[in-house]
Amino acid sequence: MKYIDEYRDAGVARRLAAEISRRVSRSWVLMEICGGQTHTLMRYGIDELLPPQIELVHGPGCPVCVTPLEVLDKAIEIASLPDVTLVSYGDMLRVPGSRTDLFHVKANGGDVRVAYSPMEALKIARAHPERRVVFLGIGFETTAPANGMAVWQGAREGLRNFSMLASHLLVPPAIRMLLESPGNRVQGFIAPGHVCTVMGYREYAELSRRYRVPIVVGGFEPVDLLEAISMLVAQLEEGRTVAENQYARSVTYEGNRPAQAIMEKVFEVCDRKWRGIGPIPNSGLRFRREFAAYDAEQVFGVANETAEEPAECLSAQVLQGLKKPVDCPAFATRCTPATPLGAPMVSAEGACAAYYHYRRRPRAATGDSCRGAWPCAPTRTVTGGSK
Amino acid sequence: MCLAIPGKILDTEERDGTRTARVEFGGITRRVHLDFVPEAEVGDYVIVHVGFALSRLNAEEAERTFQLLEQLGVLEGEELNSAANGSSPENDRQE
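Protein sequences appear in the order of chains A and B.
Everything in the first sequence is counted per the working numbering, starting at 147 for the first residue and increasing by one.
Everything in the second sequence is counted per the working numbering, starting at 1238 for the first residue and increasing by one.
One or more of the hints may lead you astray.
[Claimed, not checked] Result set (DMTMM-like, lysine to aspartate or glutamate): computed pairs, CA atoms no more than 20 Å apart in a straight line: (1) A:LYS469 - A:GLU216; (2) A:LYS269 - B:GLU1251; (3) A:LYS470 - A:GLU454; (4) A:LYS269 - B:ASP1253; (5) A:LYS269 - B:ASP1272; (6) A:LYS470 - A:GLU216; (7) A:LYS269 - A:ASP441; (8) A:LYS470 - A:GLU201; (9) A:LYS269 - B:GLU1250; (10) A:LYS411 - A:ASP441; (11) A:LYS411 - A:GLU436; (12) A:LYS411 - B:ASP1272; (13) A:LYS469 - A:GLU223; (14) A:LYS252 - A:GLU194; (15) A:LYS469 - A:ASP193.
It is worth saying that the hints were derived from the structure and are not from the lab.
Let's have the full structure, built from the sequences with the hints guiding it.
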């Protein structure tokens, strides 16, 4: 597949890793923000391919993981109503709420459906005027335009039985929070390529200037991430701190204007709580007043509910790059993808789930990082795979 | 969650007042909304997320990446994967 295979080329990856090794003269701590990038790094063993001076820590960029607990509780409450059809992205069904999860609501007879796109929820609403159809609209800037478009379209058609339980989060305020944290160790960031496909990277250039930290917008394939790491190491070694764009085949400085326009029409910036992290100022989106009739929080009167997060899950520190998933005493014992304590173990992009799937054997036990897998295997390109 | 994958536009069609396309992802075809990439045409590759195309892939920029790698010597002595120089038919494998 064009635009995928060449970015999984094992030979290119090996040489990029060698280039990074040649260039690095001291230790650097880098963070990839996006959970999709975490997944690629773990799946392809890129962390083990890098010289020991490069430490990768994993950021809070898994929307499923950081969607506040109370949003889950509200979704569960709404989905339990007899006249409601709750439509959700599949990842959200097994994320634990305070007492149960959406999967159990479905098992107990609730009408909970999985959709690939928010537009499918609109279709269900059109076809079933007797049902109140609610879409659980979560995500970062990547997903907000699609969710916003569903609401915009619903309003245009005058659909009265459709609403959205929306919880959208914005990435740059979270990076600012990390950089201002006294415990911050991160010296360079890989910015999320699909968030930036929508938003451009002007905000990241401002962060880079203000905090004197290099930021490289990165793609999602192994060669993308190795090139982004190579660009960060080059900046750090040369004492430069600018925003650069590795993922230029998809990302422009200004981003996608039509997508930004629909977000601005439907949503406005607000303070938001992040699961495992807490409140971050101006880090989310809420409906503009004109769209109140489509805001499920208002339609179902659940706007003011709050929830306390369980204390035994270390996800707060994992999501801020302060701890690795394997540092958690519950990791792979009391907390597994089948019985998760926290969201990072549920989502395919959660750091804990990525470590669970790809890193359960101790690194030292194998003696070397090449286990006959990519990129050490003789085949030059890896496609297909475990997903 | 922010998973978005590249696919090729096979044809376009107006549906429910918006422009949509049939997009092929290595053998799998899906209907995709083009509201955010009005400039996209048949034959273009687009990055698709939750049923919406978010960008039209820039072939020149994609090539530039491999040119830069070549300058760095990263590709030296190893032939480029055929897809990178655009000369091969697509294969059907996909994630």
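Hints not upheld, ascending by number | 1, 3, 6, 13 and 14
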